[in-house]
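Asks: This is what each chain is made of:
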Amino acid sequence: MSMNLLRLFGGRNASAPVARERLQILLAHERGLLGQSDLLVTLREEILAVVSKHVALDPDKVIVKLERGKSVSTLEVDIEVPNDFDKAKAAIQRRMAG
Amino acid sequence: MAKVLVVTSGKGGVGKTTSTAALGAALAQGGQSVVVVDFDVGLRNLDLVMGAERRVVFDLINVVQGVAKLPQALIRDKRLENLWLLPASQTRDKDALTDEGVGRVIAELRSRFDWILCDSPAGIERGATLAMRYADEAVIVTNPEVSSVRDSDRIIGMLDSKTVRAERGERVEKHVLITRYDPARAARGEMLNIDDILEILATPLIGIIPESQDVLKASNVGTPVTLNNADSAPARAYIDASRRLMGEEVAMVVPAERKGFMNRLLGRRAA
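Quick mapping for you: the protein sequence lines, in order, are chains A and B.
For the first sequence, our numbering begins at 594 and goes up steadily by one.
For the second sequence, our numbering begins at 1441 and goes up steadily by one.
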């Protein structure tokens, strides 16, 4: 009974505004992240295509990372180029055939 | 023109199957020819909620794989002659559903029905993406609760990117259906209210289904709630939503339980 009175007067159990605020912050973040991951996939594929024209690459060794800073974000592209291109190329072709 | 409507949510347990059955029955009660299709391979339940669990012979995967013809797998509702069910498979591997196969079945259903309601499985995996793949419209079932709203937001993003319509540069018409809503708790600030949810999801509302014991009663006996007790609060809410889907203007209210004199005297404890 006293709880009900408290509720009537205090509105202390109004947790919905907290839910609303948490959701708004979270979703603003998640929507950005999802858009970003699509961008990274596209960047990765295109970089891989360009470099592969000239150098034999292991597609798994191409890593694209985006880090978001306050004022500047950095795009980090890490491509491992095998020293012996021909051998590496043959290895990749064998793997694709198998 | 046939319409393909996916009933989806991301989160499980929010009322997709209940809503598919209720909206399908309400559309059929409104004179439309309707098929409800269960995409939850391995965990089918639409047959049970529709009360047709003992009449399943062939299923969606049989039709996709060409083992059965579509008419052999379709089950006609015993109460409404223009309401049909295409059940999911209970045992088979869910990878048996292919994009191309589902596309063929949906195309064939389009030639036979006014409405094709696809009951999506929970999650964002293959079953859920295939259920929405060919949709013209989507009903996103959302509970007034943070995890459900978050998952709905994710699903809305997928509807805008992973459907055939999205890939063609067209829009899937999206609607939010809020279920298990308690207006009294929302008024006391204990539950997200309708405006909060709509503002966060930025998607128009198709209906508000109040929390009600009638929903469980209906699924207990295997009857869509709009058929089991058409006068109950959730049934009236689903019927209103189905009329909005058909393009009618219906004022948005949360139907309340019609209480008897004794119930009113005893207050909500009696419910």
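Be careful, since some hints might not be right.
Chain B side only, calculated, beta carbon under 10 Å to chain A, not exhaustive [said to hold, decoys possible]:
#1 1493
#2 1494
#3 1495
#4 1496
#5 1589
#6 1594
#7 1626
#8 1629
#9 1630
#10 1631
#11 1639
#12 1640
#13 1641
#14 1643
#15 1645
These are calculated hints, taken from the structure and not from any lab test.
Bear in mind that the values here come from a model prediction, so they are computed numbers and not experimental data.
Glycine included, each C-beta is placed from N, C-alpha and C at the ideal position.
Asks: If you test the structure against every hint from before, which numbers come out violated?
Replies: Violated: hints 1, 2, 3, 4, 14, 15.
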